Amino acid sequence: MTRGEAAVPGMTAGAQAPAPRAAPVLSVRGLTTSFRVDDRWVPVVRNVGFDIAPGETVAIVGESGSGKSVTSLSIMRLLQKETSRIEGSIRLDERELLSLSDEEMRHVRGGDIAMIFQEPMTSLNPIFPIGKQIAEALVVHRRISAAEARAEVTRLLEKVRIPNAAARFDEYPHQFSGGMRQRVMIAMALASRPKLLIADEPTTALDVTIQGQILDLIKSLQDEENMAVLFITHDMGVVAEVSDRTLVMYRGETVETGTTDDIFHRGRHPYTRALLAAVPRLGSMKDRALPQRFPVVDVATGEASPPAEVADTVARAKAPILDVRALTTRFEVREGIFRRRKGAIHAVENVSFSLFEGETLALVGESGCGKSTTGRSLMRLVQPAGGDVVIDGHDVMKLEGARLRTIRRSIQMIFQDPFASLNPRMSVGRAVTEPFIEHGLGTRAQARDKAAALLEKVSLSPDMMRRFPHEFSGGQRQRIAIARALMLDPKIIVADEAVSALDVSIKAQVCNLLLDLQQTLNLAYLFISHDMAVVERVSHRVAVMYLGEIVEIGPRAAVFDNPQHSYTRKLMAAVPVPAPARRRLRRNAAAEEIRSPFRPVGYEPTPRAYREVSAGHFVRID
Amino acid sequence: MSATVDIAPPGPARAPGQIAWIVRRFLRNKAAVAGLIVVGLFVLVAIFAPLLAPYDPIKTNWSEIRHAPSAAHWFGTDELGRDIFSRIIYGARASLMAGVVSVVIAFVVGVPIGIVSGYVGGVFDTVVMRVIDAFLAIPFLIMAIALAAFLGPSLTNAMIAIGISTAPIFARLARGQTLVVKVEEYIEAAYSLGVRPMTLLTRYIFVNAFPPLLVQSTLAIATAIIAEAALAFLGLGQQPPNASWGSMLNTARMALSQAPWMSIYPGVAIFLTVLGFNLLGDGLHDALDPKD
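Respectively, the protein sequence lines represent chains B and G. The numbering of the first sequence is my numbering, which starts it at 1 and goes up by one. The numbering of the second sequence is my numbering, which starts it at 1 and goes up by one.
Heads up, a few of these hints could be off.
Said to hold, decoys possible - Listed next, the in silico DSS-like pairs over lysine-lysine satisfying Cα-Cα at most 30 Å (straight line):
| hint | chain 1 | residue 1 | chain 2 | residue 2 |
| --- | --- | --- | --- | --- |
| 1 | B | 81 | G | 182 |
| 2 | B | 570 | B | 219 |
| 3 | B | 219 | B | 132 |
| 4 | G | 182 | B | 342 |
| 5 | B | 398 | G | 182 |
Stated by the list, open to error - Label-pair distances were calculated between CB atoms; the ranges are:
| hint | chain 1 | residue 1 | chain 2 | residue 2 | range |
| --- | --- | --- | --- | --- | --- |
| 6 | B | 104 | G | 37 | 44 to 52 Å |
| 7 | B | 268 | G | 23 | 46 to 54 Å |
| 8 | G | 176 | B | 106 | 49 to 57 Å |
| 9 | G | 242 | B | 82 | 48 to 56 Å |
Keep in mind the hints are simulated off the structure, nothing from the lab. On a predicted model such as this, the values are computed, not experimentally measured, just so you know. Think of the CB as a built atom: it goes at the ideal place given N, C-alpha and C, for glycine as much as any other residue.
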């Protein structure tokens with residue numbers, strides 16, 4: 001829709017936009033970018049237009065394949081010339097970027113326009129100290145002496161709130177955490193005092209508390225420098241927090257532009273409404289005891305049908321299907337030629353919980369908190385240092401070899417990345433039937449029949465069995481992985497960030513699928529996730545992990561409505577909420593790093609005690 | 001399952017099967033197709049040698065010793081009056097066979113060692129790899145010559161010697177690939193499904209480590225042909241009176257200045273075959289690597 005309208009400026013009369021429209025810093029008109037595919041030009045971005053005023057933030061939001069990143073790369077002219085073609089007009093302060101020479105464009109990049117990327121881990125050169133890398137950007141664009149550069153770099157590092165900036169000038173990228181590296185990237189981007197900052201998914205790879213800090217930082221810096229920001233993201237929560245105006249992109253076209261407030265509350269395009277309906281909102285589950293399906297949205301009308309209620313599947317009367325007692329996993333750290341023990345990463349420390357049939361227990365926490373290692377330890381994918389794990393009456397820690405393989409019929413795992421968890425050189429049919437055949441549960445014909453039935457159960461067609469994984473989208477692959485896990489009729493499924501890598505609408509569908517399977521098959525889920533909003537939606541109970549230990553565990557409603565541990569509260573406060581009213585919100589969180597659970601040799605774990613807040617709701621006493 | 005609506009764009013348009021896709025990518029690469037044509041021609045020549053050769057390759061003719069190329073003998077004759085063109089055609093059999101068979105031996109010996117070593121890891125891997133390193137420290141040709149001399153001069157023994165000398169390279173490459181593939185999530189997924197170790201090694205690790213091994217094979221064929229030539233040159237490969245390109249070069253060296261055609265044509269045949277296999281190998285590498 002509104003192909004023509006989308007390009008018209010002045011749709012920003014909304015309450016929140018900066019009222020007087022100064023001359024725009026960046027003005028994009030009729031941007032069409034095509035890629036060369038098999039000797040044909042295929043447009044991937046069609047007729048996109050927008051303006052960004054000084055000090056304004058415009059967000060481009062869309063799912064994978066919507067063309068949002070290609071739009072930003074087109075503005076920077078970072079696409080390969082031989083295989084791409086950019087048409088239309090991109091004006092920066094009345095200068096037409098598309099007609100500049102390569103040499104002139106080089107000065108614009110990193111001079112007038114700076115860019116920060118998703119992966120702070122790979123955007124820095126590992127063999128130079130970070131101070132030197134920033135200084136290089138300064139010397140290229142500003143012609144200043146080395147001593148001046150050093151002083152300026154220190155000032156910039158302080159500006160992006162890196163603690164103890166002067167001392168960290170000579171440190172290397174590996175000595176910085178992900179969040180700190182993203183601060184360095186921002187400092188580098190600011191070095192040339194750009195008029196426009198393009199931020200392409202700058203917080204997607206970061207933990208939620210770190211994401212909150214980086215968003216705060218970008219907002220503060222924008223106020224200080226009066227810089228325009230183009231923010232590319234898939235996360236509606238982030239959009240709501242940062243942007244004045246928003247463009248919604250879908251399959252290469254702008255489906256809607258407007259003030260962020262209008263988009264969120266008065267979205268006109270059905271796709272916008274469907275996208276928003278699929279976003280889980282933290283706090284939307286108040287006063288509900290059971291999980292809830294996501295609403296199913298009709299794309300044609302944008303109307304959401306109220307989600308079907310789920311029945312209570314938890315078999316509390318029976319003995320738990322999974323019982324974990326004092327599980328401990330440590331990874332030794334050795335150094336030097338003689339591989340002397342230096343200490344150990346206490347990845348999982350004295351973790352206990354139980355899981356009932358038909359129940360979903362969520363393990364939440366940030367990277368390095370040990371939630372994934374817990375899941376992998378109780379399946380014996382890594383060898384725990386101690387503790388007891390009883391699955392369906394079998395003590396897993398005492399099993400070896402063939403008997404350990406047998407226990408895998410009861411407990412199965414779904415992995416995070418559906419692009420990595422399927423063998424690329426094995427057909428879908430073979431992949432799904434394989435567990436059944438490998439465990440000798442029946443003939444090939446029986447396996448095929450069962451696989452066909454399961455593929456239908458996960459809303460795929462049985463004819464897909466002849467095809468290979470690369471022919472499927474991420475959501476379809478995750479369904480294949482689920483069907484495969486179900487081939488052995490497991491009682492427990494460990495879902496390790498199983499929906500984290502999926503687009504928001506697909507995420508909602510896969511969550512609904514998991515809930516439906518729980519209804520029909522009475523599955524117990526150990527749902528490992530960093531996404532608080534999804535966890536709130538799907539789980540019966542929640543355990544919050546920090547530095548390898550459970551700090552709080554209890555019924556979902558109790559933990560979310562009445563968080564007791566300071567870390568739980570911090571985690572919940574950091575989640576971006578898709579409500580534009582919070583746009584000017586600042587968390588004022590200090591620039592902290594997530595601590596490491598590394599302990600030196602001879603470290604004795606502190607004995608822990610838990611306090612019962614309400615029935616089944618325990619919090620660690622610190 | 002109620003009708004969940006796919007509101008995101010569907011995945012990429014249905015791609016053709018993997019094999020068809022690889023073939024298409026391969027055919028688009030002109031150098032690779034040229035390599036395939038060259039190799040294919042030599043294979044056909046080897047197969048149909050009796051039909052193509054104008055003369056008997058081992059029939060001597062004392063009246064036509066070291067004749068220069070002419071209408072009767074396109075590539076001239078050698079020191080026993082044999083037709084060089086016919087000998088090159090028959091020699092393709094020995095040379096191509098030496099190339100292919102020795103690489104098959106190297107593959108069959110080296111790859112399982114490398115995969116098991118990489119998969120098992122730990123002390124076992126360390127010990128195996130140090131032994132492999134020791135083998136690799138010996139220059140390839142020296143080892144092949146020593147082995148061939150030990151086994152006795154014949155084409156079969158030359159192929160075994162070349163195969164065993166090449167095996168450490170395959171073991172090392174297979175181990176490296178195994179280490180890369182081993183950490184992939186689908187390996188852990190298969191393990192957590194309770195897939196048996198043998199299935200894991202063959203259907204998961206081997207098939208995913210295969211493309212670089214295949215490419216290495218085509219390159220090794222070229223090396224093996226040259227190695228057979230070198231062994232034949234020393235009298236350790238194809239035995240007289242039968243021809244291989246290497247043994248032809250060996251005898252031609254005595255008459256380099258008087259009868260240069262005796263060495264030029266076998267040299268050109270070796271050059272073209274090696275070039276063909278190299279182009280083919282490069283092309284396969286690019287066609288099998290989707291990240292290109």
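List in ascending order the numbers of the hints, as given earlier, that are violated by the structure. 1 and 8
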